[in-house]
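The hints should help you fit chain B onto chain A, whose structure is shown.
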Amino acid sequence: MKYISEYRDPQLVKKYLHELFRVTTRPWTLMEICGGQTHSLVKNGLLDMLPPQINMVHGPGCPVCVTSVSVLDEALWLAQQPDVIFCSFGDMLRVPGSTQSLLHAKAAGADVRILYSPLEAVQLAVENPTKEVVFFAVGFETTAPANALSVVQAAARGVANYSILASHVLVPPAMEAILGDPDNLIDGFLAAGHVCTIMGTTEYDPIAAKYKVPIVVTGFEPADLLQGILMTVSQLEKGTYKVENQYARMVAREGNAMAMKAIHEVFDVSDRMWRGIGSIPESGYEVKEAYKQYNARVKFNIHLPVREEDPDCISGDIMRGHKKPVQCPAFGGRCRPEHPLGAPMVSSEGACAAYYQYKSSVCS
Amino acid sequence: MCLAIPGKVIAIHEGEDALFRKGKVSFSGITREVSLCMVPEVALGDYVLVHVGVAIGVVNEEEAKQIFSYLEQMGDLEELL
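Order-wise, the sequence lines are chains A and B.
Per my numbering: the first sequence = residues 862 to 1225.
Per my numbering: the second sequence = residues 23 to 103.
Take these hints with a grain of salt, some might be off.
What the hints assert, rightly or not - Pulled a few chain B residues facing chain A out of the computed Cβ check, cut under 8 angstroms: (1) Pro-28; (2) Ile-32; (3) Ala-33; (4) Phe-49; (5) Leu-71; (6) Asn-82; (7) Ile-89.
What the hints contain is simulated information worked out from the structure, not anything from laboratory work.
Every residue gets a Cβ at the ideal spot worked out from N, C-alpha and C, and that includes glycine.
Extracted from the complex, chain A is given alone in its bound form:
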């Protein structure tokens, strides 16, 4: 496919690896934020090819992994209400809440449907006027415009039986939470490419300056990742800490104005609880008061007790970069993709699932 396959060219990958070995003289710890990047790094065996001084740790950039148990319990509660069609992206279905997953609820008779796009959920609401259609609006900044657009389109079409359960999370506050930790190990970041397609790169300038870390906006294919790592390590070796953009074919400095307009139309910035990490101030989006009739929390007046996650899951340590999945006592034993204790084992973008699937290359 154009704009994908050429970035998987083994010769190009070799050139970047060669240069990376040439410039790396000291140990560096880099974090890739996005779970898609984690998956690509592990799947393509890149972790084994890097210079041994480079330690890649895997950040909290998988929305499936960081959606809190309490929000999953809200989703389960909604799915079990009469006359509700509960719609979700497929990878949220197996994530365990405090008692069960959406897949369990579906097996027990709840009308839970997997959709590709929130815009399909609006159409489903039009076609089922006697039902309430709720979309599980998870995701980072990348997904927020589409979820916002579904609300704006529903409002414009006068669709009253549609609402969203918003659980949006934002990247920059999570990076600040990691960098502000006194035990922080991270020397440089690969920022998440598609998040920056929406938001641009300017919000990273103050973070790079405040914490003196290079931040390189990076794509997802093997050559993209190696170029991003090379740009980050080159800065570290030189002692600079700028924001650079490896992924300029998809990311403009100013982002996508129409997408940001949709976000600001529908959402306010709010505090958000991150699974495995805890509450981070101003790190999420919640539906604005003006659109409260599309906010499932308001519409269904949800008030559930706050539950804790499984104490054996060390996902918080993994997502902060303190531990690797293979250092978890439950990894591959009590916790497996078919029976996950925590969310990083559920989504293919979760660090634990990526290690489990391709572990022969990383456990050796």
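Relative to chain A, chain B alone:
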């Protein structure tokens, strides 16, 4: 989750309302209807980045080539220094 795939715009359906502007996008032959409301600048034949049914950006063709010349440029810069 943030997976987004580039595809070629092969049809644009201009409606009366820009909020509902849609088009057909081909991903190496597999086609899908996609919202184009967030890429008002898009033209037929452009490549767009599609995420959950919405085009979120137009591929910058010039920038797409830089990865192939970056190492040579780095080498040239070092020679100058």
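Evaluation of the provided hints:
1. The interface hint given for Pro-28 (chain B) is met, as the beta carbon of that residue sits about 4 angstroms from the closest beta carbon of chain A, less than 8 angstroms.
2. A distance limit of 8 angstroms between C-beta atoms decides the matter here; for Ile-32 (chain B) the minimum to chain A is near 13 angstroms, and the interface restraint is violated.
3. For Ala-33 (chain B), the interface hint is violated, the least distance from its beta-carbon to any beta-carbon of chain A being 17 angstroms, above 8 angstroms.
4. Of the supplied interface hints, the one on Phe-49 (chain B) holds, with its beta-carbon coming within about 7 angstroms of a beta-carbon of chain A, less than 8 angstroms.
5. Because the smallest distance between the Cβ of Leu-71 (chain B) and any Cβ of chain A comes to about 5 angstroms, under 8 angstroms, the interface hint for this residue holds.
6. Because the smallest distance between the Cβ of Asn-82 (chain B) and any Cβ of chain A comes to about 5 angstroms, under 8 angstroms, the interface hint for this residue holds.
7. Taking 8 angstroms as the C-beta cut-off, the interface hint given for Ile-89 (chain B) holds, the closest approach to chain A being about 6 angstroms.
Consistency note: the structure conflicts with the earlier hints numbered 2 and 3.
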